[in-house]
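One letter stands for each residue in the lines below.
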Amino acid sequence: MAHTFRGGVHMNEYKITASKPIEKLPVPETVVVPLSQHIGAPCTATVKVGDTVDKGQIIGVVEKGLGCPVHASVSGKVSKIETVITPSGRKVEQIVIENDGEERLLADIRHNGKSIEDITAEECIEAVRLAGISGMGGATFPTYAKISSALGKAKHIIINSAECEPFITANHRLMLEEPKKIIDGLKLLMRVFGIEKGVIAIEDNKMDAVEMLRKTLGDDTSVEVTVMKTKYPQGDERQIIYALTGVELKSGKLPADVGCVIFNSETCYNVYRAVFEGMPLIERIVTVSGNCVKEPKNILAPIGTSISKLIDFCGGFTEAPEKIVLGGPMMGFAQWDINVPVTKGTNAVLALSESFNKKASTPYACLHCGKCVSVCPMHLMPLYLAQHAQNKDFETCEKYNALSCVECGSCAYICPGNVPLVQLIRLAKGVINDKRRAQAAQAPKPEEKKEEKK
Amino acid sequence: MDSNKTLTLSPSPHVKHKNNTQAVMRDVLIALTPAFIWSIVIYGWMAAVLTVLSVALCVFYEFAYQKLTKKPITVSDCSAAITGMLIAFNLPVTTAPWVLIFGCFFAIVIVKQLFGGIGKNIVNPAIAARIFMFVSWPGQLSHFPKGYYNPFVSADAVSSATPLTALKGGAVPETSVLESFFGQIGGSLGEISALLLLAGGAYLIIRRVITWHIPVAFIATVAVFAFFFPQAGVSGLTSMGYHVFSGGLILGAIFMATDYTTSPVTPVGRLIFGVGCGLLTVMIRYLGAYPEGASFAIMIMNLLVWYIDRITMPRVFGQRKEKKAKEGGEAK
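Here the protein sequences line up with chains P and L, keeping their order. Numbering (the numbering used here) for the first sequence: 1 to 454. Numbering (the numbering used here) for the second sequence: 1 to 332.
What the hints contain is simulated information worked out from the structure, not anything from laboratory work. Do not rely on the hints blindly, as some may be mistaken.
As the list claims (entries may be wrong) - As a list, the in silico DSBU-like pairs of lysine-lysine whose alpha-carbon atoms are at most 30 Å apart: (1) P:K250 with P:K197; (2) P:K15 with P:K180; (3) P:K229 with P:K181; (4) P:K392 with L:K120; (5) L:K168 with P:K358; (6) P:K358 with L:K71; (7) P:K114 with P:K24; (8) P:K187 with P:K229; (9) P:K253 with P:K399; (10) P:K429 with L:K18; (11) L:K71 with P:K294; (12) P:K294 with L:K16; (13) P:K399 with P:K429; (14) L:K16 with P:K20; (15) L:K71 with P:K20; (16) L:K16 with P:K229; (17) P:K215 with P:K24; (18) P:K429 with L:K168; (19) P:K399 with L:K120; (20) L:K18 with P:K229; (21) P:K392 with L:K71; (22) L:K16 with P:K358; (23) P:K399 with L:K71; (24) P:K20 with P:K180; (25) L:K16 with P:K250; (26) L:K120 with P:K429; (27) P:K15 with L:K18; (28) L:K16 with P:K15; (29) P:K153 with P:K64; (30) P:K392 with L:K16.
Extracted from the complex, chain P is given alone in its bound form (with noise of 0.2 Å):
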């Protein structure tokens, strides 16, 4: 038995690189490394233009506050520390290397033969701080945060492999040629958490996978994977503490809340290369898919790569790209330059072209047919918030719990009438939160600690 959640959609999967080898992309030229990649404060330059770096190195911290460092990801000279706008509309500087091709690794990044009983719940935040790891299914909170965060609340640690998304293929390559090293890292977590018992989750489309993480755990028992049914979004922390604890976390809650923490796999395996080998987060797997992408491919690239490196990389377009998308086509971002780097959360690379799913063109309207209420995995009403967010009525958005949206597009996916319905919420939950915002900052006490417990 499968386990799931009420709600959701099934759809094409795309899978089409499982089958794929991680292939190492050849070392760039240059790489550019924003110094934002996380959820939290923006790192400050620790280097100059001009100044030589090691791989590894250090090159950006956060001076306070919430966040994590940024490492060079190739040896060479720093050229030029520049600030741009990202595709999210936000600025952020960025520090560009050019590749000097030594590979000179930074001396201290070598394994230091300890194992999991010698590290101590202190020594491994400590390490995967200085990693600079977050969240790497694409939401980029800092992974040291979570953990510290989660001590002593936590009773449950899942690593998230749903990978429920069209076309990404990151984590399924990662459980089938590293399942040692996510499990080892899973087993440290455990230890740090101190809980007995952790469980992988896999979606069923996924056996191989599944079979390959049970052969490498042979008899060891303490660490179980798990089976869900392949539906998205079932890798949404919500719905996949309620297909395995059947706990329904409220929205603005942390899992923590409920005893459970999540990593997503590939995170697993850099906190165990963080804390065993000093290897700090540099690279990373892509998924570079779409049906304008010649050969289709996984690839470990440097963070900081230009995505058109990673495109070339796989032979280049069959035909011009309509979008070129960031992450999966469900919740991913659509980019204006081919030359943005690869960074942290940046797990598939989608070039599609026009005729890719393309909806009648006749002018959207609703039909009513409540597709959206049957597939909201949040058990919202998209149609009713839709309509009331078109006329500006945000304030019936709010009473109908628009703010519960996580915005993974189900229903504007299974909308017949091709109604924009994830645009029209996030309207709505720009202006509500906007609201919140400015009652806030006028009620000064009360509210202030409100947000501090969040």
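Place chain L on chain P using the hints.
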């Protein structure tokens, strides 16, 4: 590789289900086809004339309205064609074609377009048109021939009372339940074969165009009442058979009560809607002046859809557990 081509920026999701309004409507047309063919077999070519005329008029009115009001033309979504088909299905074959000129105008222009077009109308256009024609020209719409009808040779039209009219009058109907199931009775064009309508309904449910809730709740409610309160001294089962298989019940329950725009969006809401339609149908058939009540019942329930949606709003993910946690300490 042409990397200079302008890239499109748009919010997620970047994939969409292939299904669109037109495909949904096309499925409904497919589901109606068997009953359409059967109506030609039973009543002859006049059935085809009425249906084609009705579809053509509805599409024309929609096109003309949108052209005149300078709105985008949406006739290609097929929804007007369905309305046309359903209007014809609700008429006896002897209806004079000129009635359709008014009926289709009422459905498309008054009930649908004046309220904002597809997705915005409050009552089902085909139902409203049926009622409009029925009260305006009762003589045209309550004469039900049995079998082949040719307007130029009017002698061979054998008129008969429908089973429901007979029951209401306290008489045992001439036709058997089985005959009404297969469609060898007098009635409106599309309502006569329960079997073919059910087949169409099964197709729509399999294709996930509609869910089972409304038709099952609607039909079951009528069946239960007909079983426990038989008329004219027939047995409970026979009464149930007549009430379910003749009259507009099946056509209404499967094709008209399930109209997206004028039915609720949640499963619970759909059940409430179906039961409500069933109760009103029974009340009208038993207590009202008309032997046939499905259309009126659906139209009345149409008006309540907005309220049903409000009261059946699903519990948002995570909300109940929170209450529990507050009351009884931390949830496990």
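Verification of the supplied hints:
no.: 1; hint: P:K250 with P:K197; result: holds (25 Å)
no.: 2; hint: P:K15 with P:K180; result: holds (24 Å)
no.: 3; hint: P:K229 with P:K181; result: holds (25 Å)
no.: 4; hint: P:K392 with L:K120; result: holds (18 Å)
no.: 5; hint: L:K168 with P:K358; result: violated (54 Å)
no.: 6; hint: P:K358 with L:K71; result: holds (23 Å)
no.: 7; hint: P:K114 with P:K24; result: holds (27 Å)
no.: 8; hint: P:K187 with P:K229; result: holds (25 Å)
no.: 9; hint: P:K253 with P:K399; result: holds (18 Å)
no.: 10; hint: P:K429 with L:K18; result: holds (28 Å)
no.: 11; hint: L:K71 with P:K294; result: violated (42 Å)
no.: 12; hint: P:K294 with L:K16; result: holds (23 Å)
no.: 13; hint: P:K399 with P:K429; result: holds (12 Å)
no.: 14; hint: L:K16 with P:K20; result: holds (26 Å)
no.: 15; hint: L:K71 with P:K20; result: violated (50 Å)
no.: 16; hint: L:K16 with P:K229; result: holds (21 Å)
no.: 17; hint: P:K215 with P:K24; result: holds (26 Å)
no.: 18; hint: P:K429 with L:K168; result: violated (57 Å)
no.: 19; hint: P:K399 with L:K120; result: holds (23 Å)
no.: 20; hint: L:K18 with P:K229; result: holds (22 Å)
no.: 21; hint: P:K392 with L:K71; result: holds (23 Å)
no.: 22; hint: L:K16 with P:K358; result: holds (8 Å)
no.: 23; hint: P:K399 with L:K71; result: violated (33 Å)
no.: 24; hint: P:K20 with P:K180; result: holds (20 Å)
no.: 25; hint: L:K16 with P:K250; result: holds (28 Å)
no.: 26; hint: L:K120 with P:K429; result: holds (25 Å)
no.: 27; hint: P:K15 with L:K18; result: holds (18 Å)
no.: 28; hint: L:K16 with P:K15; result: holds (16 Å)
no.: 29; hint: P:K153 with P:K64; result: holds (25 Å)
no.: 30; hint: P:K392 with L:K16; result: holds (26 Å)
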